[in-house]
Amino acid sequence: MRKDDVIVIGGGLSGLIAAAASAKRGKKVTLLSFGMGTMTIGSGIIDILGYDNNAAIVSNPESGVKMVDEDHPYHKIGLQAVKNSVEFFLNLCREEMYPYIGNLNEMKWIPTAAGTLKPTCLVPKTIDPDQLKVSDQIYIVGFHGLKDYYAELVVKNLKVSLGMDRKYEIVMIDHNFSGGRDVTVLDIARWLDSEDGRAKCIQQLKNKIKPDSVVLMPPILGTTPDYLVLDELAKATGCQLIETMTVPPSLSGLRLRSMLINCLKKLGVRMIEKANVIKSILEEGKCIAVVTDGIDRERTYYAQNFILATGGIYGGGLISSALGEIKEPIFNIPIQVSVAQENWSNLKLFSNKKQPFAKIGVDVDNKMRPLDMQGEVLIENVFVVGRNLQGYDFCFEKSGNGVALASGYQAAMSV
Amino acid sequence: MKKHHNDPDRCIACSACVAQCPVTKATPHFRGPKMVGPALERMRLSQEDVEPTLEYCSNCKNCDMACPSGVPISTLNMLARAKYYKKHKHSLRDDVLAHGERMGKLTKALPAGAFFANLGMNIGRNLGVMRMVGISDKRPLPSYAAESFHKQFKKIRQQSFPNKVVFYPGCFVNFNDPKVGLDFLAVMQANQYEVIVEEEFVCCGSPMLVNGYLDEVEQNAKTNTRLLKKWVDQGYKVITCCTSCGLMLKQEYQELFEIDGLQENAKNIYDASEFLMLLYDEGKLNTNFGSISGKYLYHAPCHLRAQGFGLPAMELLRDVAGVNIENADAGCCGVSGNYGFKADKYDTAMEIGGKLFGTIKNSGVKTVVSECGTCRMQINHGANVDTVHPLTILRNVYEAKK
Numbered sequence: 044m045r046k047d048d049v050i051v052i053g054g055g056l057s058g059l060i061a062a063a064a065s066a067k068r069g070k071k072v073t074l075l076s077f078g079m080g081t082m083t084i085g086s087g088i089i090d091i092l093g094y095d096n097n098a099a100i101v102s103n104p105e106s107g108v109k110m111v112d113e114d115h116p117y118h119k120i121g122l123q124a125v126k127n128s129v130e131f132f133l134n135l136c137r138e139e140m141y142p143y144i145g146n147l148n149e150m151k152w153i154p155t156a157a158g159t160l161k162p163t164c165l166v167p168k169t170i171d172p173d174q175l176k177v178s179d180q181i182y183i184v185g186f187h188g189l190k191d192y193y194a195e196l197v198v199k200n201l202k203v204s205l206g207m208d209r210k211y212e213i214v215m216i217d218h219n220f221s222g223g224r225d226v227t228v229l230d231i232a233r234w235l236d237s238e239d240g241r242a243k244c245i246q247q248l249k250n251k252i253k254p255d256s257v258v259l260m261p262p263i264l265g266t267t268p269d270y271l272v273l274d275e276l277a278k279a280t281g282c283q284l285i286e287t288m289t290v291p292p293s294l295s296g297l298r299l300r301s302m303l304i305n306c307l308k309k310l311g312v313r314m315i316e317k318a319n320v321i322k323s324i325l326e327e328g329k330c331i332a333v334v335t336d337g338i339d340r341e342r343t344y345y346a347q348n349f350i351l352a353t354g355g356i357y358g359g360g361l362i363s364s365a366l367g368e369i370k371e372p373i374f375n376i377p378i379q380v381s382v383a384q385e386n387w388s389n390l391k392l393f394s395n396k397k398q399p400f401a402k403i404g405v406d407v408d409n410k411m412r413p414l415d416m417q418g419e420v421l422i423e424n425v426f427v428v429g430r431n432l433q434g435y436d437f438c439f440e441k442s443g444n445g446v447a448l449a450s451g452y453q454a455a456m457s458v
Numbered sequence: 002m003k004k005h006h007n008d009p010d011r012c013i014a015c016s017a018c019v020a021q022c023p024v025t026k027a028t029p030h031f032r033g034p035k036m037v038g039p040a041l042e043r044m045r046l047s048q049e050d051v052e053p054t055l056e057y058c059s060n061c062k063n064c065d066m067a068c069p070s071g072v073p074i075s076t077l078n079m080l081a082r083a084k085y086y087k088k089h090k091h092s093l094r095d096d097v098l099a100h101g102e103r104m105g106k107l108t109k110a111l112p113a114g115a116f117f118a119n120l121g122m123n124i125g126r127n128l129g130v131m132r133m134v135g136i137s138d139k140r141p142l143p144s145y146a147a148e149s150f151h152k153q154f155k156k157i158r159q160q161s162f163p164n165k166v167v168f169y170p171g172c173f174v175n176f177n178d179p180k181v182g183l184d185f186l187a188v189m190q191a192n193q194y195e196v197i198v199e200e201e202f203v204c205c206g207s208p209m210l211v212n213g214y215l216d217e218v219e220q221n222a223k224t225n226t227r228l229l230k231k232w233v234d235q236g237y238k239v240i241t242c243c244t245s246c247g248l249m250l251k252q253e254y255q256e257l258f259e260i261d262g263l264q265e266n267a268k269n270i271y272d273a274s275e276f277l278m279l280l281y282d283e284g285k286l287n288t289n290f291g292s293i294s295g296k297y298l299y300h301a302p303c304h305l306r307a308q309g310f311g312l313p314a315m316e317l318l319r320d321v322a323g324v325n326i327e328n329a330d331a332g333c334c335g336v337s338g339n340y341g342f343k344a345d346k347y348d349t350a351m352e353i354g355g356k357l358f359g360t361i362k363n364s365g366v367k368t369v370v371s372e373c374g375t376c377r378m379q380i381n382h383g384a385n386v387d388t389v390h391p392l393t394i395l396r397n398v399y400e401a402k403k
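Chains as they are written, first to last, in our numbering: chain A, 44 to 458; chain B, 2 to 403.
Honestly, the hints are just simulated from the structure, not real lab data.
Be careful, since some hints might not be right.
To be verified - Straight-line Cα separation of at most 35 Å, DSBU-like style, residue types lysine-lysine; simulated pairs:
(1) 176/A with 161/A
(2) 402/B with 71/A
(3) 190/A with 278/A
(4) 309/A with 278/A
(5) 168/A with 309/A
(6) 370/A with 268/B
(7) 278/A with 253/A
(8) 296/B with 238/B
(9) 46/A with 402/B
(10) 322/A with 46/A
(11) 329/A with 268/B
(12) 285/B with 308/A
(13) 309/A with 356/B
(14) 356/B with 308/A
(15) 71/A with 362/B
Please model the entire structure based on the sequences and the hints provided.
Below, the structure is given as structure tokens:
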């Protein structure tokens, strides 16, 4: 019978990090994934912590991590492990030739597609907000036919967020997309993957912008996890280029996913697609296997350890019944729901309080092992990571990928 | 209870399918799986709606694999295509490409039929007849074997064993590439299994489905389901070497039709390498391997990846049989059954396969290994290398010991 050291269930950021960190420790890893996870929607930038419980901005991510409540995943993981996970991630990106920038002591304020700024911690070089400082001349690049990116809106809000004293100018680029369908950032990024597309784009940019300026654009600087397009366009125009976050498909998310998948391949991780894990097999308090349910039949996968990265309520990792019960279907981990269902959400979506529904999840010990209602470890060789964890509202506090990274890493250190 | 629901409302419009769709990447004319599949399906449920770019979907199933919500996007597209052809006429081209089995049977009915069919296809190609009906003349069509698998199988005296499996060869193995079937037979015999061939099996229907002949697919599905059930009820496992046949028999039948026995049959249908790896897990695989020289690259057919059990042929050849083989891992080859044979889809198919062809050329290997017959033809055409089925390699490894 084949048996892995570690089986990771779920191919989102926390699962990919857990798989990479486990494999880096020499473990034999299988990744069971069903669908692409949320990396096409997720930004691919790593927020660690932006706002405290009262919606006040924290001075830097590290001080934010220090002040979280006891039930917050960061509290369980501990500051040192969070620091180690950041170090691990930055090293991994460097090794994969797609270095990220940032550190725990500095809050980065990056521009969104609406021209507002949001706090984050680790970003790819295409989203380096320090470049906003180099010039007062800011060009906002738009593309004809591109959906959901409005240069005028970006300018309007940048005037508020960056100040009226700077010079904003909109530049429209024509990429001659002839198919007749709606154009997405993915189409434009693919255009810039090609030498011909880059040459045409550079030609148009050079006619419309002055060197030594700041150029803000949607996320279009190539589809692959490298800086080839960024470097070539920056060199040719003599400008600092910055990508903004936009609606899906998220190029920065897709690039990070590609980078991590490439890394897992090199590390020899076995990846099984369309593997829908439905249950586990337990013996004497330990999990010995998990079972997938294909349209044809069930299949059993054996391992020493299991990392559960199935994405919480949104990702299908936790299931809520009509009666307000929440279930974790694979290991039957009990989920404590202390708030009555009618109070799961605040009346105001963007209120200054965390959403109760967002904080519902699995309680774990400091190794990420699930706890029962009495606070005892439920299954000693199962580790729960990412959005399945209780005690945090990533939208509110800006901690999503940070918790995914830190918990995925922590689980890998525990197996 | 039926496991599958063709429910477009499970789509959350995350666009993972758009990001992974090889056709969307290769041509700006396709509006993409999210729009053409679940988004328009909601419209089609209430009123008739013809989406002109629906014809671009190749049913490769990369969208289904990407979808985090389990929406069978490609099957929604195939159902919409079938609906379209309820009221529109098929072209001669689609008729020819969808009915390879009919042509295959014809070549077997006439003396030297395969020779004349192949000759006719070549002459037709050179005279521009193929292009006139809309079949690409830039690539060879699958040639017919002089003797079908069925006919060759009958001449072979198998060693009898108590363990028996039923083999579903599929049209490509039966009419075009019988060697794969013979190699399967040799491998099973080496593992002390006797192979039963059910001659009444008909085409799984995959080539007809992609051309919108849903009623005919259903007829074939009923015939095959009845025959499969006969064997499954007696406790036999059914094995196929063709990943598209496997996907069709197990999954697409269940997504498309309500026929008694589908689910029970699906439980007992296996990919050949998957079956052998299960034997290995139980310690029952014959591991008396010799060693073969040479370096190989493996291409995983999309229709294998969509089945959700990984890449058993890679594990079998590399990890168990010690073959020097690597996974090309370069995505869809582009051909998608008969899609790449269509004159107006040829360029798209070749564009999609470009990454794989480049990977193969850079690797320097002379032989690429893949389960799917049309993937092998596409690789042979696009990368100019030899192609074989994994079981051919496995047979060679066994025979290297003798």
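Verification of the hints:
{"no.": "1", "hint": "176/A with 161/A", "verdict": "16 Å, holds"}
{"no.": "2", "hint": "402/B with 71/A", "verdict": "31 Å, holds"}
{"no.": "3", "hint": "190/A with 278/A", "verdict": "28 Å, holds"}
{"no.": "4", "hint": "309/A with 278/A", "verdict": "32 Å, holds"}
{"no.": "5", "hint": "168/A with 309/A", "verdict": "24 Å, holds"}
{"no.": "6", "hint": "370/A with 268/B", "verdict": "28 Å, holds"}
{"no.": "7", "hint": "278/A with 253/A", "verdict": "13 Å, holds"}
{"no.": "8", "hint": "296/B with 238/B", "verdict": "33 Å, holds"}
{"no.": "9", "hint": "46/A with 402/B", "verdict": "29 Å, holds"}
{"no.": "10", "hint": "322/A with 46/A", "verdict": "17 Å, holds"}
{"no.": "11", "hint": "329/A with 268/B", "verdict": "28 Å, holds"}
{"no.": "12", "hint": "285/B with 308/A", "verdict": "29 Å, holds"}
{"no.": "13", "hint": "309/A with 356/B", "verdict": "19 Å, holds"}
{"no.": "14", "hint": "356/B with 308/A", "verdict": "17 Å, holds"}
{"no.": "15", "hint": "71/A with 362/B", "verdict": "31 Å, holds"}
When the structure is compared with the earlier hints, no violation turns up for any of them.
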